[in-house]
Amino acid sequence: MTITLSQLKKMHQQQQKIVCLTAYDAGYAHWVSQAGVDVILVGDSLGMVVQGQQTTLPVTVEEMIYHTRMVQRGNENAWCIADMPFMSDAGLEVALQTAAQLMKQGLANMVKLEGGQRVLPIVEALSSLGVPVCGHLGLLPQSVEKHGYKIQGKDSQTAKRLLDDAQALQQAGADMLVLECVPQALAKQITECLDIPVIGIGSGADTSGQVLVLNDILGVTIGKLPKFAKNYLAEQGTVQKAIAAYVAEVRQKQFPADEYVLA
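No gaps in the numbering here: position 18 of the sequence shown is 64 in the numbering used here, and each next residue is one more.
Since the hints were made in silico from the structure, they are not lab data. Any given hint could turn out to be false.
List time: in silico EDC-like cross-link candidates among lysine to aspartate or glutamate, alpha-carbon distance up to 20 Å [unchecked claim]:
hint, residue 1, residue 2
1, K150, E122
2, K56, E305
3, K200, D210
4, K299, D201
5, K196, E170
6, K287, E139
7, K287, D71
8, K270, E122
9, K200, D252
10, K273, D304
11, K200, E238
12, K200, E109
13, K150, D201
14, K234, E139
15, K270, E238
16, K55, D304
17, K234, E281
18, K196, D71
19, K63, D304
20, K273, D241
21, K63, D201
22, K234, E295
23, K55, E281
24, K234, D210
25, K56, D201
26, K150, D71
27, K273, E238
28, K63, D210
29, K150, E139
Note that this is a predicted model, so its numbers are computed, not measured.
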């Protein structure tokens, strides 16, 4: 039985950790869902880990539909989020069209888009149409050409902006939020002030849940493993055991340990 948005919100309210992991095809989606992962993210990270691109920017809407549909063939019970790729939310009409395609053709349960104030009208419009929306704040992979890969919210001004943006996204109708590479104390503050689940990546252990890229936990990342990621396959020996170990450590609040916290 597919996990529902109501269940995820209840887990947040009851401080039960939500486990999220990326997947990009039916085979891995099967094993991810079998291991008890609550949320599968079909991330535009596939541009880097599947296609071998330098950034997520070249990924197209059609490719996101293709991979999301594959994932949903293998997924048995996890909530499935699909990323809206670069420039597919550049205006309200194109954003509505992208979301419609990801849900009608890709069969996603939810769409995710990056940014704060800029996307509020889009979030509000999607929410009013019954589309579940996940926001994304902190390090924004689609903006790396302008801002680079670095921790966000380290000074008081940017920390306040992130907090304000998080609250504004919730007010606009966002049902979930991803926080990427923000200081642990700020991530905790944002999580505690929101009624919606906050999923962290590189943002410490105090968010509602955690997400990592599947390739990272299996140690098959192209290039250097991110500091906030852990190679579970090295200890467990099989893909299935590695995913299960990740699920268990997130549930038991053992991951991320201090060594995987950026700031």
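_Which numbered hints fail_ = 2, 4, 5, 6, 8, 12, 13, 14, 15, 16, 17, 18, 20, 21, 23, 25, 27 and 28
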